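Colleague: Since the structure of chain A is provided, determine the placement of chain B on it from the hints.
Taken in order, these protein sequences are the chains called A and B.
Mapping of the first sequence onto the numbering used here: position 389 corresponds to residue 383, and the numbering continues sequentially without gaps.
Basically the numbering used here = 1-based index in the second sequence + 1.
It is possible that some hints are incorrect.
To be verified - Now the stretches of chain B that chain A is said to cover, found in silico as 3 or more residues with beta-carbon under 8 Å:
1. 17 to 25
2. 160 to 167
As the list claims (entries may be wrong) - Cross-link-like lysine-lysine pairs, in silico, DSS-like; alpha carbons within 27 Å at most:
3. B:Lys4 <-> A:Lys196
4. B:Lys4 <-> A:Lys268
5. A:Lys549 <-> A:Lys597
No wet-lab data here; the hints were simulated from the structure.
Predicted, not measured: the structure shown is a model, and the values here were computed from it.
From the three backbone atoms N, C-alpha and C, an ideal C-beta is built for every residue, glycine too.
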Amino acid sequence: MTPEIGHILLIVFLVLSFAGGFLPLTSVYLKNQTFEIPIKKLAFSLFLLIFLSFLSLVYSFLIDDFSVAYVSQNSNTNLPFYYKFAATWGAHEGSLLLWILAMNAWLISFMFLTKCSDKNFTNAVFSISCQVMFSFCLFTLLTSNPFERILPIPPLNGADLNPSLQDIAFTIHPPLLYFGYSGLMIPFAIAVAAMLFNVDTKEWAAYSRPWTLLSCSFLTLGIALGSWWAYYELGWGGWWFWDPVENAAFVPWLLSVALFHSLIASQSRSVFGKWSILLSIFAFATSLLGTFLVRSGILTSVHAFALDPERGVFILGILGFFVIGSLLIYSLKDFKKDEVKPYQLSSKEFGFLLNNLLLVILAVSILFGTIFPLIYEAATNGKQISVGAPYFEIILFPFALALGLLQGIALYLSWGVTSSFNFLQRLTLESVSLFGIILLVLFILFDNLYLSSFATIFLACWIVAGTLQVSKKRNLNYWNFLKKRLAVTFAHVGMAILVLGVGVVTSYSIEKELILTPGDEFEFGDQKITFQSIEDTLGPNYFSKSANIIFEDEKDISSVVTEKRTYTPSGQLTTEAGIVTEPFQDLYISMGDNLEADIWSFKVQIKPFIRWIWLGALLIAFGSMLAGFNRIQRS
Amino acid sequence: MKKLIDILPLVIFVILIGVLFSFLSNKNNQLETVLIDDTFPKFSLSSLEDDSRLLTQLDISELPALINVWATWCIACRVEHPFLMKLKRESIIPIYGLNYKDNRRKALELLKRDGNPFEFSIFDFEGRLAIDLGVYGAPETFFIDRNGVIRERHVGIVDDKIWEEKFAKYLYE
Chain A
-5 MTPEIGHILL IVFLVLSFAG GFLPLTSVYL KNQTFEIPIK KLAFSLFLLI FLSFLSLVYS
55 FLIDDFSVAY VSQNSNTNLP FYYKFAATWG AHEGSLLLWI LAMNAWLISF MFLTKCSDKN
115 FTNAVFSISC QVMFSFCLFT LLTSNPFERI LPIPPLNGAD LNPSLQDIAF TIHPPLLYFG
175 YSGLMIPFAI AVAAMLFNVD TKEWAAYSRP WTLLSCSFLT LGIALGSWWA YYELGWGGWW
235 FWDPVENAAF VPWLLSVALF HSLIASQSRS VFGKWSILLS IFAFATSLLG TFLVRSGILT
295 SVHAFALDPE RGVFILGILG FFVIGSLLIY SLKDFKKDEV KPYQLSSKEF GFLLNNLLLV
355 ILAVSILFGT IFPLIYEAAT NGKQISVGAP YFEIILFPFA LALGLLQGIA LYLSWGVTSS
415 FNFLQRLTLE SVSLFGIILL VLFILFDNLY LSSFATIFLA CWIVAGTLQV SKKRNLNYWN
475 FLKKRLAVTF AHVGMAILVL GVGVVTSYSI EKELILTPGD EFEFGDQKIT FQSIEDTLGP
535 NYFSKSANII FEDEKDISSV VTEKRTYTPS GQLTTEAGIV TEPFQDLYIS MGDNLEADIW
595 SFKVQIKPFI RWIWLGALLI AFGSMLAGFN RIQRS
Chain B
2 MKKLIDILPL VIFVILIGVL FSFLSNKNNQ LETVLIDDTF PKFSLSSLED DSRLLTQLDI
62 SELPALINVW ATWCIACRVE HPFLMKLKRE SIIPIYGLNY KDNRRKALEL LKRDGNPFEF
122 SIFDFEGRLA IDLGVYGAPE TFFIDRNGVI RERHVGIVDD KIWEEKFAKY LYE
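Next up, chain A with everything else stripped away, as it sits in the complex:
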């Protein structure tokens, strides 16, 4: 009965979101009060409907109701209960439900926290969001209904959740990412509403900023968690694979970063109004495009979802409707000229412009690299190629370098014109000294310096020095100065830490394939690796071969376990890497194949500074979240 209730709630949601999608706008345009509806109450009821509908799916998972097709495909009686819970969003259908829930959560947060002076404007934002949610709900009901039953003979047991998703990081990675994606709906709705009602650039930019920042923060967290998960779960020791699905999240991230920077300028100086509108539209569009690429089956990826071209057409339809619609409004509208104070090349405005240009070119190149294999396949009648890491790394490097250099001086720039560039001397001095210190530390830690890492390490120092501005003469107390810009300090220093991590880990990592039998020892770097024993272990829904490994150096001994798991319901194999985490490096070992009776292959890696990548990302997410909340408080 519960799945049916969930299904009905979803249908009611569909009807109400349809009403919410056009009634408030109609009442504004006809200037007729009869169509006016209490939008706050409606938003709240919509939230309740989708929340209860989602709960009923969760419930079906928890009680192992395998007559529900989606449950039987993604769960199993032996699955631990927390994974049953997480399996709710473990595949396409359920994740859509979560997505709608997230959009609704964003919408009510916006309506209750952002006070807009113009009622029509709020009505329009509400309506546009309702239209987006309506289309997602229609998509769910028509092509991906999670409540579909298998009757009359329900299976006795389910097929189990995809084993590589049975993991703690996985339980929170998708929700964070979906919150990030769906949050971009708000800036989109604001941008369109601003065009419809000729809202002042300064005004709508102020409304949009916190929500862009918060979505970006969620995207950062989602991407970072996904990367961490891939690192220890896929067993390759990599942290970024340029997989289409990763790119699909990275592109909207880049655009949302560009957007909130451009919004700063729009709010403070009325500049880049049209540009900010376009960015809002495209940030939202790329988040939908990512969904399309992943779920239509036209790209194959590690993250394959249930593939169904019919779904692809539908998502493309949604994408086309909203983006073409909004761009049509954009192209037809006569924008009134904002009063803009003039600015010069040395100004903060120009800094933001450059930042946006670099980020957007980067986003377009990555998007192109992701779609290019498709174009190639179509043009050559089915020959397949894959655009791999080399392409993306070549593209990324110069732009990241330019962005980093800009980031170092960005906080010194002033609106209109920067009167003096004297700070460059001090900035260089500070960053060079920091660079020296870090090289010294690296040399002490690893007895080696790699020229290839110098550029990225220096860049990290440059950004840190530019952000902290230790030597900048101020009457204010230095700590008060930092406290005033806490959010940006966290985010920019986070970026520096991330850059440092990437630089060091790409140059200093070492890896080796080993073939060992129990009792064997091997010298690797300054570590002595001992393959102590191998044993059979049994989990709730898997059995595994687990190898006990000991890492030993002069200072300490640590033992880890790496496993080859076979999940019983599906028969899938996964590798669990054994990782020893030290402050400055990870010792990473993953089990390979069983070559003969007791002979196993292993891949062992030492990954210096890899944790710093995620630490950096966490700081970025924290910084942008802080900035977002500050903005909400101020408005």
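Modeller: Below, chain B without anything else, positioned relative to chain A:
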């Protein structure tokens, strides 16, 4: 001139949507497999009926043939079973079973009770051959032509409709 720049984003986006749409209509809903147009992978596994009998790819001798991945734990396979029996009864094409991660005793009981449409079944307890074939799950069916080349695959239940749409054409080549 200024208007032209305002229309540009729209134009670019419409082209992008058009391109993506054309990809979508090009792409049929078959699963990509590296093995299509490849010869059947080598294997050496015991027979379901007799665990001392070792089967290899050479035992799949009557061609063209279907390879059907099945198991007793697979409910959909039971739905598919009558259709396979029909193919057998009407001697349309020989079918070789790939018994996938199953219990030997239960599998034999099922064949005894419901009928055996297979020439023989390969007993793939660890799913080794299934991995080589890139099997997604049971049921799944592969078409092997008279030269031993995999020509088509289908994930899910094969019935009259699927047989006509996907497999029948290869039979009369």
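Colleague: List, from low to high, the hint numbers that the structure doesn't satisfy.
Modeller: 2
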